[in-house]
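Following the hints, put chain D in place on chain R, whose structure we already have.
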Amino acid sequence: MTSLEAATARPAPRWPASLTLVAALAGAVGLTLALGLPAEAEVARVVLWELRLPRLLLALSGGAAVGAAGLLMQAALRNPLAVPELLGVSTGGALAAAVMVVWALPVPAALQPLVALVGAVCGGAVCLAAAGAGRGPGAVLLIGAAVSTALQAVLLAVMAAADRLQYDTLFRYLVGSLTGITWDHVGLSLPWLLGCAPLTVLALPALGVLRLGDEAAAAVGLHVGRARVAVLGLAAVLVAVVVGPCGPIAWIGFVAPHAARWLRPAADARLLLPWAVVFGALFTTVADLAARHVFAPAETPLGAWTAAVGIVAGLVMLARRSTS
Amino acid sequence: MRWRWAVVALLVAAAAELAVGRGVDWPHLDPLEQRILIELRLPRLTTALLAGAGLGAAGLLLQAVLRNPLAAPELTGVNPGAVLGVLAGMQLGLVPADSAAGALLAALTGGACGGALMWLLARHGSPVEVAAYGLLGSAALAGVTTLLLAYQPSRFGNALRWLVGSVDGRVWAHVQTAWPWLATALVLAWLCSAALGVLAAGDGHAAALGVPPRPTRAVALALAVALAAGAVALAGTLAFVGLVVPHVARAMCGSDLRRALPAAALVGATAVAGADALAQVLTVLVQSGPAAQRLGVPAGAVTALVGAVALVVVARRSSHVEVS
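Quick note, the sequences are listed as chains R and D, same order. Going left to right, the first sequence walks through residues 0 to 323 as numbering that gives the first Met the number 0 numbers them. Going left to right, the second sequence walks through residues 0 to 323 as numbering that gives the first Met the number 0 numbers them.
Pulled out of the complex, with its shape left as it was, chain R reads as follows (with noise of 0.2 Å):
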């Protein structure tokens, strides 16, 4: 691992770092609540509680998860380019939303983002499947990829017999956004995410085992293949709830627990985890700032910004990888 070797040379971060990031954390909180707000109490209570309130958890909580997911699924690859779009989940739940939309499907709306959900289970069920147990981590991740394309090609078939007003609903499966929001959304979510937490806290020491490669982990007594889909499925759950409502937002298991990596180099997954946690809830709120403010009045889509940020923080981390 020359990232590793790169990385403990650093010198030791300095300890303010938690608290900078909590304090990053309240700040944005702080400003998504509280930016322009009507002057009348009575509007501001609504749009505080009925519109901004349930955005706001949805984007931290959601924002967590991915994090959370994407270093679940570095760990278990032993590959810092794992990201979890290559699960099939994402995919799997803009195509479920595109077939509901495209042909008008007679599904309450109250249901649409519970069948997105099943959609990006059952699109990372597939992907698992066909890579099956007991492969490699590079075959997993091949496998993976190339299950993901067929879905994104599948999904843009549907979508090519889509019209106008069609595309305008499907875009936000596309690219991934917060708008519109409700305690509804919220509701679906927060029990997943919740029951899944102490999943995740369990499936660490498996990670720190399997962090010692197949084989050495084996001989500690860890069925790999196994343990491997394990903890690619909790990624997939956990990555799914988030696209039900919001859609596939890209890049944030990517930055996130690479964020988490860069501030604590010799961390092992347990200690890593609530560093990602953060970075990820961070991350998105941060974005959803800006995707409601930068361009005000017009909303610009939340997967538009992480896609930015994210890109060019994968640019930068390849070129020092390939320069050490």
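The set of hints was computed from the structure by calculation and includes no laboratory data. Heads up, none of these hints are tricks.
DEER-style ranges, computed between Cβ atoms:
hint	chain 1	residue 1	chain 2	residue 2	range
1	R	Ala-266	D	His-123	21 to 29 Å
2	R	Phe-294	D	Ala-18	48 to 56 Å
3	R	Pro-273	D	His-123	32 to 40 Å
Far from chain D, some chain R residues (derived; all Cβ distances over 10 Å):
hint	residue
4	Thr-19
5	Ala-23
6	Val-28
7	Val-42
8	Leu-52
9	Pro-107
10	Thr-178
11	Trp-182
12	Gly-186
13	Trp-191
14	Pro-204
15	Ala-216
16	Ala-266
17	Arg-269
Remember, predicted model here, so these are calculated numbers, not experimental data. Even for Gly, the Cβ is constructed at its ideal location relative to N, Cα and C.
Same frame as chain R, but now just chain D:
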């Protein structure tokens, strides 16, 4: 003997491509149906053949010269770059939406830039590592494409062709711009194939035999970019054609480039023509749905599905696909 089968397969695919689809009742053709055949289906077939030949030959060149069985136009940044070039040119108004020459130029520029970027970032890695980098780079370029679409979602309908790959609605004007370019590149590649075959054996061998490795490799990469970008400008990205077809060609007639290159072009043309014929059959089949009259199933969706299945089968069977 194998050549004969390949030619028979090509003829069958071409005949199927001409025969299936809407609007023509075989075998009694009235003048309108003859015009459909000559002005719509024949250029469509030619487009499919040209694009398939270009992508197959480009993939073979890349795999031979980079000595990487996973080097394909879509994994080395060439195809995503070309798509991005075309879309950027159109969205920013530099390329008129229906100018074949402009699309070719934009695709060339974008493909060369994308390929050069991935080459600079990932040239030192092992084959599978390069592929992983390529996946990330493709994801990054696809993200930029998404950003472009977010910038002007109303032009989204036109963009789908380039994203998924389709030979729908191509007429003789498009073919006339593209065929001299692709044919020249193919003939040049075939003329150079002896030298490139020596290069595939290793830089040291090539130098000992009097073939300067670096200039030869540069020429081969330029030819591959020219072929892939020409195909993308004509038909969009047809996923997995550039990855799977070269392997079929090599299995058919060995890895001697002088024979493998024409074989790759032949197999690629067969694959795309066959995929488009299949896509048209599917289009007729799904036409009963309310939304499906508008546009057909794109050929790229078929190649992506078939290619993904092939890739998954191969990756599951081979035990040595690993990423460090």
